[in-house]
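Chemist: Sequence:
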Amino acid sequence: MNILITGASGFVGRHLEPELELKGYKVTSVRSSDFDKVWFLTEKFDIIIHLAVKTAAGGYCQNHPGEQFIVNSSINADIMAYWTQYQRQAKMITFGSSCAYDKNESKSENNYLKGQPEPGYEVYGYNKRNLLVGLRALNKEYDMKYNYLIPSTFYGPNYNLDDKHFIFDLIRKIVDAKNGGPDVTLWGDGNQTRELIFIQDAVNIIISVIEGRINNEIFNLSTGKEYSIRTYAQTICDIVGYDFNKIKWDLNAFVGSKSKNLINTHLKHFEFTSIEEGLEDTIDYYKMYNNKSFKKKTKEKI
Numbered sequence: 001m002n003i004l005i006t007g008a009s010g011f012v013g014r015h016l017e018p019e020l021e022l023k024g025y026k027v028t029s030v031r032s033s034d035f036d037k038v039w040f041l042t043e044k045f046d047i048i049i050h051l052a053v054k055t056a057a058g059g060y061c062q063n064h065p066g067e068q069f070i071v072n073s074s075i076n077a078d079i080m081a082y083w084t085q086y087q088r089q090a091k092m093i094t095f096g097s098s099c100a101y102d103k104n105e106s107k108s109e110n111n112y113l114k115g116q117p118e119p120g121y122e123v124y125g126y127n128k129r130n131l132l133v134g135l136r137a138l139n140k141e142y143d144m145k146y147n148y149l150i151p152s153t154f155y156g157p158n159y160n161l162d163d164k165h166f167i168f169d170l171i172r173k174i175v176d177a178k179n180g181g182p183d184v185t186l187w188g189d190g191n192q193t194r195e196l197i198f199i200q201d202a203v204n205i206i207i208s209v210i211e212g213r214i215n216n217e218i219f220n221l222s223t224g225k226e227y228s229i230r231t232y233a234q235t236i237c238d239i240v241g242y243d244f245n246k247i248k249w250d251l252n253a254f255v256g257s258k259s260k261n262l263i264n265t266h267l268k269h270f271e272f273t274s275i276e277e278g279l280e281d282t283i284d285y286y287k288m289y290n291n292k293s294f295k296k297k298t299k300e301k302i
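Numbering of the sequence shown is given in my numbering, commencing with residue 1 and proceeding in unit increments.
It is worth saying that the hints were derived from the structure and are not from the lab.
Keep in mind that the hints are not guaranteed to be accurate.
Unchecked claim - Heads up, simulated DSS-like pairs for lysine-lysine below, C-alpha to C-alpha not over 30 Å straight-line: (1) Lys91 to Lys54; (2) Lys44 to Lys145; (3) Lys173 to Lys287.
As the list claims (entries may be wrong) - Have a look at the derived ranges for each label pair, beta carbon to beta carbon: (4) Gln85 to Phe244: 54 to 62 Å; (5) Met288 to Asn215: 38 to 46 Å; (6) Gly66 to Leu22: 38 to 46 Å; (7) Gln85 to Asn252: 49 to 57 Å; (8) Asn252 to Phe40: 45 to 53 Å; (9) Tyr60 to Ser259: 18 to 26 Å; (10) Ile214 to Ser259: 27 to 35 Å; (11) Glu43 to Glu19: 17 to 25 Å; (12) Gln89 to Lys23: 19 to 27 Å; (13) Glu211 to Leu251: 45 to 53 Å; (14) Ala137 to Gly241: 49 to 57 Å.
Everything numeric in this text was worked out from a predicted model, so none of it was measured.
Glycine included, every Cβ here is placed at the ideal spot set by N, Cα and C.
Let the sequences and hints guide you as you build the complete structure.
Modeler: Have a look at this one:
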């Protein structure tokens, strides 16, 4: 099987590409920053995994809505045009976002296009909704095949240490405080809830979609379980040996939705990695690669 991955240098791509190669698939990858190179790819692909996107945690959606709209609209239009002109035989697997759901609707797949995207993330949510609209349009006119996955927040090792997604921020602040850094201040009262899915679980599910025969489906890539920020913080504190009671809470901070829990429709029998095990692996990665002596030794070798 011949597979094209766009946005392959991102968190999901860094884990997915080597797994596919280990299974014997031929993989061609294109970074988001080099996205225009897809137009020079003339070989035929069986699968296109479209991961390329412009977004970031930590206020990017709220502070750069114009940039986000222009870049993501262009990326999605280009991949759809390339797919239609040169790769109609390929099935496309791509991703939506939980923030595209209306906060007042249950987060089941048949509600994905209802109402308004989550406040503060409207542009990104509409970008993702439009991607699904495009997939359905091309399927209707040209019978092109797709699967559209709506993920909860991915986490695990081998992430960008500057990533500001909430779980990485929690790990960074608590581990650093344990090692003599600043006191930990977290956003809100900590009762808002979030769902996580361990990256290796996500990769295994994506591969099952690649190898499966179900086409033209939209489904939540979800464990169906969410926990409060306080629970995640307590678990991290227990793992690293930091006093949870030292954490301060900023009640004036932006916290987004109170809940982002997706309904687990298709994966009820999948055995997910436990939060404790996943967080231990992620914390170990952060401690190893954030260690100053490790950085110094690595720099000397280079």
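Chemist: When the hints from earlier in the document are held up against this structure, which numbers fail?
Modeler: Every hint satisfied by this model.
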